[in-house]
Amino acid sequence: MTPDFISKVAKILRTDDEIILDMEKKMNNLTEKKGMLARIAKRNDVLTKQVLKTIKMDYQSSAEKIYAALIEHLKISDERLFNLLQKPQMTMAGLTTLSNIAKELADIPKGFFLKKDKAREILRRHPPPNIMKALGYKNVQELLDNEPFEQLYSALRFVESSDWMNDILVGEYEALKPKDFEERDVKLIVLDKRWLEIAEKFIKKKYHNVSHLKELGVLFIIPLPIDTPGETLRLFSLVLHYFHEIDFYSKLIRKYAEEEKNFAKKLMSLIRGDVMRTAPPDGQEMNWLIVQRYLAKDDPNDPRLFIPHVSPEAIHWQKAESDIARLGHRFSLLNLELWEDLDIVGDYFNSELYGQKLLVSFNLIDTIMSLVKEKELIKYLYHHQESLWTTIFLEYVGPKQGEDMIIENFDRGYITL
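Here my numbering is used: the first residue of the sequence shown is 5, the next is one more, and so on.
Rather than coming from a laboratory, the hints here were simulated on the basis of the structure. Be careful, since some hints might not be right.
Claimed, not checked - Simulated crosslink set (SDA-like; lysine to any residue; CA at most 20 Å straight-line):
#1 K377 <-> L363
#2 K361 <-> D20
#3 K91 <-> D20
All values reported here derive from a predicted model rather than from experimental measurement.
Required output: the full structure, derived from the provided sequences and hints.
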């Protein structure tokens with residue numbers, strides 16, 4: 005008979021009991037950490053009960069009421085963070101406090117990024133047609149002389165066509181060598197408001213107004229007003245997340261630079277966000293697929309979601325959530341204590357609307373994203389599920405060792421234990 009905790013974990017991860025049983029058996033034998041999955045399930049139950057008590061709910065409460073209570077709790081924290089950050093407006097000056105606090109919390113070192121002169125050289129060979137037309141420049145040198153470099157390169161992401169980006173710009177990366185990269189600090193910028201009209205198309209597609217250029221070490225914010233509940237926390241958490249993501253990819257690029265022969269090939273795969281199309285080989289050994297992007301965004305039923313896998317994205321979010329928890333300890337008025345260590349926490353509760361049990365994620369990032377999209381009735385779960393898969397892996401092998409394994413096996417696409 006399958007233990008209840010196995011069935012519960014499998015249900016949350018939307019996979020079969022047999023897959024979890026096989027994974028547990030292999031990981032127990034490999035690490036000698038028997039009972040790890042039971043402890044994770046127990047921790048989920050304990051934290052779920054604590055949260056329900058805090059928001060004055062219980063296991064008899066409906067999924068809808070619990071979700072609504074979580075949202076209301078988050079609205080208070082969001083408003084207080086907005087005031088703590090001195091009501092940030094979407095200008096560089098207006099985001100100074102947010103930027104400084106985020107940098108201090110993330111505390112990442114210098115990174116290994118594409119030299120700016122090399123990036124300019126690429127644009128000289130391939131002037132960006134849409135930007136040239138939109139800004140009325142007659143030649144590319146005039147463009148490069150007059151536009152701040154980070155602003156220009158960030159704008160490529162949503163002004164130029166995907167064909168131009170993938171075939172022309174990123175195609176140029178095939179010729180890059182380790183000598184084209186250098187050590188420098190990550191830079192956070194707010195784009196000029198003239199990009200706003202064009203940027204709106206990008207935001208509708210990506211669901212948020214902050215992104216990054218991992219190869220350049222640039223994190224950019226598109227200047228939209230903060231006028232939606234949850235927007236301050238979303239922006240702040242995304243900035244923290246991207247600091248950690250840029251740091252992670254910088255470690256990868258630095259590692260790839262040790263071998264010039266395959267450097268460009270591995271760099272291209274990293275920038276594209278490649279994931280193995282099929283499951284790793286199945287046998288006596290234990291294989292963990294490395295999934296470097298959220299597959300559930302494109303297809304919530306992608307078969308790769310239902311096998312053991314580890315997500316670097318989940319690790320970046322876990323670090324961002326730890327940063328936010330530290331901020332909550334420093335400023336108790338933010339009322340953020342509720343969310344500490346809830347990245348893998350959630351459970352099934354009866355639904356008033358659907359007559360069946362629904363999964364409610366207590367994950368901070370899922371709740372933030374759901375709050376911002378509340379009017380559109382969009383609810384998020386995938387951060388919670390990906391975090392649970394990743395936490396299972398890290399609990400068995402250790403957080404530092406686990407991240408090292410991901411970096412070591414990243415270009416291979418999976419980890420074999």
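Hints versus structure:
Distance restraint check for K377 and L363: the Cα-Cα separation of roughly 18 Å lies within the 20 Å cut-off, and the hinted pair is therefore satisfied. Pair hint K361 plus D20 holds up; C-alpha atoms about 18 Å apart against a cutoff of 20 Å. For the hint linking K91 to D20, the alpha-carbon distance of about 47 Å lies beyond 20 Å, and the restraint is violated.
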